[in-house]
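Peer 1: Sequence:
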Amino acid sequence: MEDINPSYYPATRAAGLAGDKINYDRGGPNRFMEVQGVTKARKEIIAGQGNKYNVEFAIKDSVNEQNPIQCTAEVLYPTNKQSAPNVTYKLQSEPQNNTTAKDQEFYNNMKHRSVPLAAEEIPGKERQCSRIPLQNADPPDDYTGNGALVDRSSLGPFRRAKSQQL
641 MEDINPSYYP
651 ATRAAGLAGD
661 KINYDRGGPN
671 RFMEVQGVTK
681 ARKEIIAGQG
691 NKYNVEFAIK
701 DSVNEQNPIQ
711 CTAEVLYPTN
721 KQSAPNVTYK
731 LQSEPQNNTT
741 AKDQEFYNNM
751 KHRSVPLAAE
761 EIPGKERQCS
771 RIPLQNADPP
781 DDYTGNGALV
791 DRSSLGPFRR
801 AKSQQL
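Residue numbers (the numbering used here): 641 to 806.
Accuracy of the hints is not assured; some may be wrong.
Calculated cross-link-like contacts (lysine-lysine; reagent style DSS-like; alpha-carbon spacing at most 25 Å) [unchecked claim]:
(1) 700 with 751
(2) 680 with 692
(3) 680 with 742
(4) 742 with 700
(5) 661 with 700
(6) 730 with 680
(7) 751 with 683
(8) 730 with 683
(9) 683 with 742
(10) 730 with 700
(11) 721 with 742
Treat the hints as calculated values from the structure; they're not laboratory data.
Could you put together the complete structure from these sequences and hints?
Peer 2: Rendered as structure tokens:
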């Protein structure tokens with residue numbers, strides 16, 4: 641195992657991937673963990689398996705403005721390019737405040753909306769849809785009933801639906 645510069649791309653990429661895994665496991669509408677910086681990084685080449693990176697970094701809950709938490713992670717990038725990286729991590733301490741009640745309130749608010757949300761300017765989308773149907777809401781006028789929205793580009797000028805603010 642060799643030490644590598646913490647600012648090198650492979651080290652920051654491994655820390656970013658670990659940060660994404662932490663957000664997948666522990667994040668939510670009221671918690672977003674952001675990688676603050678890699679402090680230590682090591683690389684190990686494992687024959688027949690791939691490259692394993694051990695990284696130490698700090699993460700911070702950017703929504704709740706808490707103190708950074710130290711984290712260690714192991715990221716194995718398999719030799720087989722068709723496989724996803726294997727990420728394991730350990731937090732020095734748990735995030736301080738519990739967001740379960742806020743998350744449940746947000747979920748209930750979204751589930752019981754009377755007007756569907758409007759989605760505009762979604763990155764990476766070639767076509768824009770004006771509305772997305774939600775459970776317990778009347779279907780929009782461009783809803784086909786089979787889970788798809790009508791492509792409005794063939795219907796003339798794009799109409800934007802206004803919805804209530806949260």
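Peer 1: For which of the previously enumerated hints does the structure constitute a violation, in increasing order of number?
Peer 2: Violated hints (numbers, rising): 1, 3, 7, 9, 11; every other hint is consistent with the structure.
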